[in-house]
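Engineer: Residues per chain, in single letters:
Number of protein chains: 2
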Amino acid sequence: MTKNPSTEKTPPAEKQTTLAPTGHARNSANLKVAILGFGTVGASVAKILCELKPQGLEMTHIFNRDVARKRVSWIPHSVQWTEDFHDVLASGADVVVELAGGLDPAGEWVRKGLTAGKSVVTANKQLIAHHGVALEKLAAARGCQLLYGAAVAGGIPVIPGLQHGLAGDRLTQLLGILNGTCNFILSKMEQGAEFNTVLSEAQALGYAEANPTEDVAGYDARAKLVILMRLAMRADVHPEEVPCRSITDVSAIDFTYARDLDCTIRQISRGQLHEEGVVATVGPMLVPKSSPLAWSRGTENMVIASGQFGGDVVFSGHGAGGHPTAVAVVSDLLAIVHGSSQVEFPSRKTTVGGEFMVPHYVRFIVDDRPGIVSEIAGSLAEFGVNINAILQKPGHPKHNLPFVVTVEPCASSALKKALARIAKMDCLQESPLDLQILEN
Amino acid sequence: MTKNPSTEKTPPAEKQTTLAPTGHARNSANLKVAILGFGTVGASVAKILCELKPQGLEMTHIFNRDVARKRVSWIPHSVQWTEDFHDVLASGADVVVELAGGLDPAGEWVRKGLTAGKSVVTANKQLIAHHGVALEKLAAARGCQLLYGAAVAGGIPVIPGLQHGLAGDRLTQLLGILNGTCNFILSKMEQGAEFNTVLSEAQALGYAEANPTEDVAGYDARAKLVILMRLAMRADVHPEEVPCRSITDVSAIDFTYARDLDCTIRQISRGQLHEEGVVATVGPMLVPKSSPLAWSRGTENMVIASGQFGGDVVFSGHGAGGHPTAVAVVSDLLAIVHGSSQVEFPSRKTTVGGEFMVPHYVRFIVDDRPGIVSEIAGSLAEFGVNINAILQKPGHPKHNLPFVVTVEPCASSALKKALARIAKMDCLQESPLDLQILEN
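Residue numbers (numbering that gives the first Met the number 0), protein chains in the order written: chain R, 0 to 439; chain U, 0 to 439.
Derived by calculation from the structure, the hints in this document are not laboratory data. Hints are supplied without guarantee of correctness; some may be wrong.
Put simply, identical chains are the same to the list, so a pair is met inside one copy or across any two.
Unchecked claim - Lysine-lysine pairs mimicking DSS-like chemistry, simulated, CA-CA at most 30 angstroms apart: (1) K392 to K423; (2) K415 to K348; (3) K348 to K392; (4) K392 to K416; (5) K392 to K69; (6) K69 to K52.
Can you make the complete structure from the sequences, with help from the hints?
Structural biologist: What follows is the structure, given as structure tokens:
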């Protein structure tokens, strides 16, 4: 395991001198890189480092549990394979690339790395969403860097775009397709398939986990939205405060009705800056066909950042996968080599409050009888919710009849109260589904 | 003119200490900003500085010829208005924001600013395309920065995206809609109008200059493409080496035929990295309706960067206009405040050589007689160009008959030789128009 004893034994004091001082170009030795986690992304990072040989970067360690089964022949002999994190910590590695994911033990490794004065590049969205602010403080205190361009939308440079290119604007809204699995499922359902069929297909293709909850329930996208809101709106939001809605509630029939409304359905992560704070939500939403968000296909990711001065900027591309994510990691490593210090904008602890005042789509499935529409309309009116249109397509059995009501912009809470009342009607075959409609 | 004599008299030696050292965060005094050129963009930059009050930035000078007519009341009294560049040069300004445009005298001002140790932020595409490498060297030698995020695609953070987010990839192709005027004209022509009608409309709306040559001939887009190729492919290309084709050659009839081919027409700037060097071109091109490039509307800009590892990344948004361009300028100013040094990748002098091997669209207008298609097909075959399809729409007079031939991928030079032969045919009413067809 000790293939490079000379670097490994470098005392901490000397290590500091080989580390690039924050924001200073390193002209001397290469930046020594230790990769934590040799899965798909880790192997892709190693591949890029071996094939493109970016100037100033030298891979010195690969850390993984049961590392023996991970060994591949194309990695240079000079690289030390290890399953003991302390090998990395005690080594001369300047940067730890954390690709293990999850809060633990990855968080502990990142903290230990930073504490030892090693910069960290990570793709760990949950860690950065939950503990990014504290970890950035730790990095600053230790004079090293924490970069996470790969944590959101993989190969799409949204984070550098927000930090460097749009810093001069006041960003007021973020709209994102931040989960490739959900986009794959919903864009397939758009073509007529039901959720379970497409989920199986996605699992067979490796686009969805055996337990898809993290993706379909919106928790993955939520972590990414929280990171983007911190960078774009300087709002430090706790992920659990962002309401999520699962895409499992959406049926093929909803795509049929959406089409009649010149829309499709996508999992949208939305954050808005208001005078009083921020509003945010993640879940399936009706998206007008004319919006770039409706054009996303397969596992594609997309972010639309709207600024007070610059208007809308769209970023799209491959949001996940080993190679695109690895590009973001290597770009962060090069940023450290070139002394491009992270632009640090102070964020402040912000509560997700208020509501989106938006039009909604509500789908009912009823055992038909006279007077249903009148009752539903009555309940909506009672809570100040105005109906915009009623759609009912032919060809469905009377005892299991889907129909759709769209309502004018209203607070979700008012609609929810009305729907709670409506849900008590004996004719309802299942709970009504309400989705926000994205306005162009 | 001397409202701030204390800063103005600051001796150069002391100025250097208030200047942010390259790559170091400034924690002390504000970065003093002098704006050169108070036109649309200059006024927008001042507006953002006054309204958003970004931390660390202080506007100290506004320089313009005949400055008296430019004065506006919303600029703080502390700002010095001047029409003498030496006022700026001799002042305590840390950064010169050059928004005058053109090679001269703007280039001289930028050189003098850098030589005096002042960093420069510019939106000047022609200056950066022609002299960017030399100016970056000068900036590095003087320990200051030259940033030009606003020079390409205004408010869209393509330059930070390439420099910071995609640096870890090997970018092999750039496709861009880099000129909003041409995109406005062509997306209007798509709806049936002829060039001259739309040009007049664009001029009335302020989207096109009285003399539109710079835009329609492709020279504006070419300068931007050259800048992007330097950053993305490390290829230092002379703008004049990139072949340009004017969009004035395109007629309404071409959009009709393009539609039959499930395409539209856009001014596309294309650069490719080959083993032997680079290939580049700017001009109208057939774009499949399924490409994001076909979705661009109005003055929108778009860039698709394709990498060996990350695949395609799309950036789009408002490429021009005062406010979006000003966002890019202020973002660059903030990058200097936050000590984010420019990532410097060495570029090498590269000759634009070789050719695109792509399918082409060729439109003929003939005085019809028997045997024309056979003659044309014969000439094409003689130069090894294979016909893919022949399209002829009804409803045109026989003596002025447009028809279209699409050819399989071939070198443009071979096609041009064949067309030179064909151009001698007496039946031709005008020179044939050949356009590249973008493949998906």
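Engineer: Next step is simple, just say for each hint if it's right about the structure.
Structural biologist: Evaluated hints:
For the homomeric pair K392 and K423, the shortest alpha-carbon distance inside one copy (24 angstroms) is at most 30 angstroms, but the shortest distance between copies (62 angstroms) is not. Taking the closest pair of Cα atoms, K415 and K348 come within 30 angstroms of each other only inside a single copy of the chain (28 angstroms); across copies the shortest separation is 64 angstroms, beyond that limit. Proximity of K348 and K392 under a CA criterion of 30 angstroms is satisfied in neither setting, with 47 angstroms inside one chain copy and 64 angstroms between copies. In the homo-oligomer, the alpha carbons of K392 and K416 lie at most 30 angstroms apart inside one protomer (27 angstroms), although the nearest pairing across protomers, at 60 angstroms, exceeds that limit.
In this homomeric assembly, K392 and K69 never come within 30 angstroms of each other (Cα to Cα): the closest approach is 55 angstroms inside a single copy and 62 angstroms across copies. Only within a single protomer do K69 and K52 lie at most 30 angstroms apart by alpha-carbon distance; the minimum there is 22 angstroms, versus 52 angstroms between protomers.
The structure does not agree with the numbered hints 3, 5 stated previously, though it agrees with the rest.
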